[in-house]
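Single-letter residue listing:
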Amino acid sequence: MYLSITSTHQPATDLGFLLHKHPARAQSFSLSFGQVHVFYPEASEGRCTATLLLDIDPIGLIRGGQKSSHFKYVNDRPYVASSFLSVAIAQVYSSALSGRCKQYPELVEKRIPLEATLAAIPSRGGKQLIKRLFEPLGYEIQLIEIPLDEQFPEWGRSPYYQLTLRQEIGLKDLLSHLYVLIPVLDNQKHYFVGEDELGKLFKHGEKWLSTHPEYELITKRYLKYSNKLVATAISHLEELHNPMLDDEESEELEEKAEKPFRLHDIRLQQVVDQLKLLGAKSVLDLGCGDGKLLRLLGNEKCFTRIVGVDVSYTSLQIAKSRLERQKMNQVELWHGSVLYRDKRWIGFDAATVVEVIEHLEIEQLSAFEQILFGHARHNIVILTTPNVEYNVRFESLASGQFRHKDHRFEWTRAEFQAWAKQVANRFEYEVKWASVGPIDEEVGSPTQMAIFQLRNGEVHGDNNS
Amino acid sequence: MEITIPNSSLVVLMGASGSGKSTFAKKHFLPTEVLSSDFFRGMIVDDENDQSVSKDAFEILHAVVEKRLKMGKRTVIDATNLQENGRKQLLGIARKYHVIPVVIVFNLSEKDCFKQNEQRADRKLPRRVIHSHCIQLKKSLKRLKKEGFRYIYRLNSPEEVDVAKIKSQPLWTDKRDETSALDIIGDVHGCFDELVNLLEKLGYVIEETRQTSDKHFKVTPPEGRKVVFVGDLVDRGPNSPDVLRLVMDMVESGIAYMVMGNHDDKLLRKLNGRNVQINYGLEVTLDQFERESAEWIERVRQFLDSVVSHYVFDQGKLVVAHAGLKEEYQGRDSREVREYALYGETTGEVDQYGLPIRVEWAKDYRGRAFVVFGHTPHRDPVWLNQTVNIDTGCVFGGALTALRYPEKQIVSVPAKQVYVENPGWSQGRIEECKGNSSLLDIEDVSAKMIQTRYLPAIRIHEENAIAAVEALSRYTVNPKWLIYLPPTMSPSETTPNGDDLEHPREAFAYYAKQGITHVVCEEKHMGSRAIVIVCRTEEVAQKRFGLSQGANGICYTRTGRRFFTERKWEYILLKRLGQALDQAGFWEEFQTDWVCLDCELMPWSAKAQELLRTQYAAVGASAVHSLSGSVKLIEQARQNGVEIDGLLTRYQHRLDNSQRFINAYRRYCWQVESPADLKLAPFHLLATEGKMHSDKDHLWHMRQINQFCQFDNEVLLATRYQVIDLQDPASIESGIQWWEDITAQGGEGMVVKPLAFVPYGPKGLIQPAIKCRGREYLRIIYGPEYTDHEHLNRLRARGLRKKRSLALREFSLGLEALERFINQEPLYRIHECVFGILALESEPVDPTL
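Sequence order for the protein chains is S and P.
The opening position of the first sequence corresponds to residue 1 in the UniProt record's numbering, with each subsequent residue numbered one higher.
The opening position of the second sequence corresponds to residue 1 in the UniProt record's numbering, with each subsequent residue numbered one higher.
Keep in mind that the hints were calculated from the coordinates and are not lab data.
Honestly, I wouldn't trust all of these hints.
In silico negatives: residues of chain P with every beta carbon more than 12 Å from chain S [said to hold, decoys possible]:
id, residue
1, S132
2, E160
3, T559
If you anchor each label on the Cβ, the simulated ranges turn out as follows [stated by the list, open to error]:
id, chain 1, residue 1, chain 2, residue 2, range
4, S, E168, P, S628, 45 to 51 Å
5, S, I346, P, N279, 34 to 40 Å
6, S, R344, P, R720, 31 to 37 Å
7, S, I346, P, I3, 41 to 47 Å
8, P, Q549, S, H404, 23 to 29 Å
9, P, E843, S, A434, 41 to 47 Å
10, S, Q142, P, D788, 32 to 38 Å
Quick caveat, the model's predicted, so the values are computed rather than measured.
From the three backbone atoms N, C-alpha and C, an ideal C-beta is built for every residue, glycine too.
Chain P with its partners taken away, still in its complex shape (with noise of 0.2 Å):
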């Protein structure tokens, strides 16, 4: 006997002691599918036969069953499973996994059981107790059915036992190693003109021929690409029986899926001889009917009865449903899961037009996979957290929609007319759905482990996670515009000895290292780092960003707040930049309508004007007023003859330091007046739609960002860059001399990045940037006496392996946001990276470095 058994399933294995069940279950199914009852008395007591533990051993199996099941395990149940009660509270538990429970019973005689019984070694039960066993065997066997087994199996000898298999069978919805690309296509309800000119254009070659007496259809699709479709093929449209002909003509030559829709099941529960009313659509197909065949129908009744509620495709990543599906229905078989796919989620109440109030299931998606649906026609596509229904109401007068899978591409087509009215059409519901896929859940900010594409799952501890949380929901800006927060970056290792606590040798040295042979060095702009979203239209704002308000942009600090108080002077500084993207041809030239820039807006004082004036320029004025006094005390002194030449050249010394403080602070700040005294200098091109541009190299970046700075000089800034080339000494020291030029010009210093954006070491990722800072410019990190060697030896101790390790994981969190973000992945997605990185922020590090 062949024994069919779902991959995901609970098998229950039924049968009095001595029937053989463990040996089965030991030679069909792995050790860590079957669960037996002897084995978790056994764990509780250390004996295996110990009945009087029976209830908490079952407790034990129950909950190892639950979480079983809830991942979709395929679990065995080895127990005599005689007593109703116990097998009711198994169903129970695959009832609310949505699992198929499957009974194998062992119906052997009572003289059979107690043959075996009697060559057990380990444990010889008494006659009379399989005697019983047999009997509640044989009362049971009526009931299985009843009590909700979707298959039964029987095995009636040991014999039977003996030769039976078990075929491991996929879920008929599962199709996750379908590897053709897929078009998703909508509703159809009839509309096959329309059908056929939406194959056409996605290429599909469509044959009329005629075999025998009824039409057909020979299609020949692109290479490499199938169809799934929606559901809802019948009902309300103009010609549903040729609709039903070419999907049939397609499925079954293995070149399109189809998902049961609720038209096209009610349709079968008629042909089936239910008794369904006759409404919505479903008169117009039966009159459509009347001139078919009854061969031909009937071919429609089976071919509708092998229709499944979903299908799961691309290794778990692809969900098709008709109204959708959640993600605990995903790959789930029963009467619910088949209700919700049909249906969608319900609230039982009806709208004015008698229609049922639905619940915008999509708003609460948090599934990993993707959901195409279609079922609610709106005038567009919409998209809502990793979902889209593309039911765009072809019937009423909309289009006929096709997804383009994996490109997540739209391809439509228009209706060739109104065919039907429809009452709730021009409500616009749309709008009030994309407000709510904005709404963001506690649970999306809580302590986690956040996946991205570059490094192992990244750890957010709770308590990181509640200073993030704070963040942001006291400062930063509206999180729509938060697609990326930018890393904290590691100066070079500390330099050994002599002058300086920088310097690019370190930063050359650790690329070489890393097996790096390009690097480029760029200057190092000292202001504040600056995010800055530009939007070419008011309008880009609304519609890709989601905002409720027009906007040309923003421009936000590295911890997510706005840059500027005053929002007019955001609105002229990004006005200007969308100027000198127009002029530079960037919007065609990326086909884009809006671009994501990191970029470094400068003076310092524009930003840090408050702590200029309550910390540097006060330490600076207090240090010269002080020490200058004290110069001239010491002279005065040495004139009377006091011998206290050391204390003078000392204090001279301390002086001139701190004059020196003030120049190095000074050379950062300039009076704002309006926002034509701003220096915005861009240095990474991070995104335009559709696009990261995180594979391109850094002199690509610097290329692309120069085109288009050069046409507004007074507030862009290109950024000077040099390559160098790590394994030629002459090279490197061009290096070296380039960073000493600048920051003896006041310069804060430079950036050395590998040429790859994201750069990887024999060990993985490796730090995208490190800084050189200036000598001069540390004084305004370590005081302004710091360079005396005294100071300087001291300051040498400093460990940098925090800030690298954090540098890395903010980097890989921020382009995983972004990522996401041109994805079209849903505002939780995005946001979790960023509140990754503020979370991450909120760690205490040296903040000198």
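Next up, chain S with everything else stripped away, as it sits in the complex (with noise of 0.2 Å):
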């Protein structure tokens, strides 16, 4: 990976005096991760180019120091531009960076034509985002793209472009932005991004960042999505500079994430609601994923045992510090599968199966059948799932695609109510319907319920006729 840097303001080897590298030789500095060369391909009066050259030790980043180290093997960072290389610019182009010069004082901040290439650039937003990040700065911008393997054209692009950057510029500036810019770009941080890179933030981006109308998404991917470091640094930005808040693309953004939200809260607190009506005590919520029905349930007091069980030891552990944030410590959550038959799941009043079984094979729907209604047999059972016929009402839903990338399917009324029908039957159920959400006369409510209530409500083991 490399940065070259061309001058054509006369006399061009001034950049020399710029960067303290001298035109003539080729230098090596030592770094953590390896070696950076400096060297000049070209220094005449007339054009100059400054090369610097990352060469990171590929085994280094992995066998070296750090126990664990999150990289792999095979892996891009010794040939594209990261967060390495703004390491290495402040190291070895410090003076320049700072806008020190000895020699020519009045040059550092002089606008001189400059132009930056970047042999490769990781840009996981495509063209677009790096345009939107460099143009607002005045930048000319070049890029072409690196094609993924032309023996392969069917696997598509490759994330990477050699990028050139011209402009008249201060060089300090020009090495700023790319200071700041090239992590964006890549978004990803070699190292643990702590309180200090507020500072380097700040520090780099003084005097530009405030008024570039992407400043947010910069911080955010600067700071690697540090929350807590996010809200700081954006507090601190407005009070530099106030902008609009609602800019459309947030709006948007909100618009897309809160629609499943009150959807979801809509279908569990009916779920609360049908459990209170029919008298249940002791609840257990299979399938409770981080935990937000047992909430609800830890709020009513009329329920006196309320038991989480998740196939995901992540959710539950989420689950974990958010109940006990809210001081619900008699909710317990266990480890546990619909697929397998499991004895501490007998006594309960009643389950709660919300948006569980779409996630199942529909070939083990019945194993999960025999489990529930033949093995555990609660007095009621609470199941809910969508209604794949009112997919056709989401915009952001293509034709024939599930909501969820793990469904395995996703049914329609009838598909549901006749499965339903078919379980009661053979297990001694009762089964209502009920429809949760807005109702649209044609396809239904986006997600279908069914309440299943034991047709001889006290008999318990698991007995089939």
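Dock chain to chain to rebuild the complex, using the hints, since each chain is given by itself in its own frame.
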């Protein structure tokens, strides 16, 4: 990976003074992650180019120092512009970056025609993102797409571009732009993002960041989504510049995010209402996820025993910490699976199975049925699943697409009801249906709910007829 | 006096202090069998005589009694046991674990007790205490029978105590030492002709003889075989008397066993003069008895009176009981055990025909012993969780069935006619049972020790169990298909110097050190591991694998996920494989209708396209672009007189390596537009019906596989291989040359295996296979530039120990899973092993190995 900076300011070789590197010599510097070489492929009065060649030790990334490195052996880090390059700029071009030049102090401030070329920069937002980041800063941008593999065009494009930026600009500003924006494009950091990152961001972005239209994105990505740091940074920036907060994009995002949330809230509230109506005291929530329903149940005094079960240990950990935060110590969490019979489940008044079955392969449903309705045999089972007919009302969903990547099926109302009826008959339950969410005349409600009640309410055990 | 004590029993010694209980216990029982209250007092306060801790001492004593009786271990209670309440607690524990309670009463005079008490060195009790003990004893004596002791022995003097002998007696049900092979026969219900036919079909020779007035049978069994009847000899059918004659003669001549059926039991009660309802076919039997003599009927009564509830055979591995028997009841004796064996578990409710609703006890059965039972008729024998019901309803027009053990082979003869119409017969309950047998329990997949035939028990830790449960619940195929998962494979020891990281020399050296003389080298294909099960017809998936829908098999990955997202592709690939097997005459040759193959499926890009796109191709593209740009700039600087030669060489070299990296991954990629573009290379023929093929060597596997691969050269790929003699340097050199040729042509490398599929070295199981990957291939693993010596030398530090230990454990579990499937063991037993492999795979281990 290299960064070449070319000056055509006469005499162009002054670039050597600005960078504090002699144009006639190749120099090498040792950094923690490898070496940096600086040399001048051309150094004439008319045109002078300094190349900073980043020589990252690929094995050192994994075997060096730190015990558990998150890098893989097959890794693009040695070949692309990343936060490693920012570190190299700060260390090898430190004087230029901070605007010091002993010989020609006046040159530091001066706008001179400069050109910077990055051999390969990953942009996980395509060309557009590169333009959105650099155009507001006045650059003329030249991009060369790097093909992924010409032998396999069906694999699509690579995320890499060779980027050239041109502008009459002070060298210090050029370097500070690169310093901040390279990691933003790459969107990965090779080191832990801590408090001092904030300082670096303010220092190098001081002059330009607050007026940059993408300042929020830059801040977020530079700080790698560390929420606390981002909040501090944004509030700090707002003191410098108070932009309109209601720009179009963020509103759009909110819309998208809110929609399912509201539906989910409605769904859960309806489950709670049903449980209260039917007089359930002890409730087992199968597939509790991060425990939102558990927290709703925990707020109601009428439930004497609440247990959440999930197959994902990560979800259970999140659920645990959220329950603890709300001091709901009475709620228990168990690791388990709806595909494995579990004798701990016997004896609850009700089981809730909210948006779970669509994550099972259809051929495994029969095991689930026998475990829940045949073995655990709760008096009440409340089960919800998407109504696929309603999907046409979701604009963001392509036709035929399920609502979630992990859904193995989504049922129409008729399919769901046929299934529920058949299960109820086999296991001696009564079943009724309810809609969840706004009802559309043609396609029904977005979520469908079945409420099962054991025919002979007090019978327990697993005798099938 | 001889005191007979069943092997598994609770023996309560009862008597006043000083009556000699402890001395007696010491003399006749193992020290570990005797639990003395004194000992537990001492355990708590260092003073065996401190009566103030009696309550606590008995709490612990009772806890130990529980544990011992749960294990079926004889337990002797050395305490005065004079309080009814104390005895009641002990009897409760005995009842809970269905062991026989025995009491030995030390009924000595007060004088004798006091005399012995005076002779004691450690403790002398006041006379009044002994006096009150003796009074309590007198009071208790009468109650013991009523309290529930099955055997009561009294020793009335110090002399009697002295000369008493203990005789240990196995339980009537205990036939663990029976060495004959067994033919277990289902419910006969008076179907005499069918019984004779079945016995003859099984190779028994039956002669009718006449002794005195009555008809008798002389039966000669095949060498080393005996018969076990699961009960219900009588009622409903046409000739219960002759069935009884035949069975009684066989049992009395020692070539048959019989366990009690509910019909036999009811007949016995009737013969004993009890008031029983004459229905469900008993009327038929009684009618037939009208023609029999009183003596003969008395013979039947005595015979039935001696029949036991169940038998335990074959070192505890086989249990026969009429209606089945749960694990806790096996080898135990109590009223509950007998009732359960006769009637099974019932809910107390009746169905629409007025028959009791039975709980399918077998669907919850998790015991180790194989249970053979009858009682409930089905069209076919029902195999479920290590149990089989062999009542095929002969009297209802079905068949009379025998199970040959240990072969587990079914032999049956059809009924000559429908003797009784059965309203519930055509209900097809069987299907429901089969569905139930697939239910898995969370306890089957929790932290545990898994026993395999190959290694000491394998421990699965909780955190790994949790990870495996998530994978099994969310990603893997239907557990019924998961009869095997392949083990991880270790590379050879790291080559200590030179240009290579891995080299055949090290693999050969490993095996030579383990005393292996010949190894087979198989070309290692670079694709994705695939386990393929091919079914000859779609019904096989339902019948043998218990799937609810037919399928022509399955293809899944090494972590048990379905290989193809497009089911149609899977179908076509399996179909082609099936056709090749048809043409090769495979099904006939192996007498099977399914096969499980361990394969590599190519190209790599078929499964790993996402990885290739986002990681391999991306790194290649950025490396070549970035480095070729760098080289150009360095050259430019050099032309301008900058002294930079070293850097130029270095960067040219880096660029070359990056180009090689691209070439390396490209070799394993090609565009796949239809299943015909795939290549499947099977290398292990793991199992077919009734057979594991891990007993054959790898050359056999290669030959068998090559035989059918040739019938579809487009999609099937026979693996190239070579045998190397590890004692012959020339042979070793040729092996190395072969590897060099393969890797020079772009091959991944080779896998070195001992000839034996399950190889043993001096210290036990050794690595079943070791891979030697080629220099170029390893760029895919260690990155484009790993071949530089500065990198290579750092990479040599890699530990193989964990990988190898995992490989052995996973290998054992995989074979164990298959073996259990082959042996028709229940799903949970197979699933346990597959779960174990996934759990082990969740262990963090260097992914480059």
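So, going through the hints one by one against the coordinates:
no. : hint                             : result
1   : S132                             : holds (48 Å)
2   : E160                             : holds (51 Å)
3   : T559                             : holds (16 Å)
4   : E168(S) with S628(P): 45 to 51 Å : violated (30 Å)
5   : I346(S) with N279(P): 34 to 40 Å : holds (37 Å)
6   : R344(S) with R720(P): 31 to 37 Å : violated (54 Å)
7   : I346(S) with I3(P): 41 to 47 Å   : holds (45 Å)
8   : Q549(P) with H404(S): 23 to 29 Å : holds (25 Å)
9   : E843(P) with A434(S): 41 to 47 Å : holds (46 Å)
10  : Q142(S) with D788(P): 32 to 38 Å : holds (34 Å)
The structure shown violates the earlier hints numbered 4 and 6.
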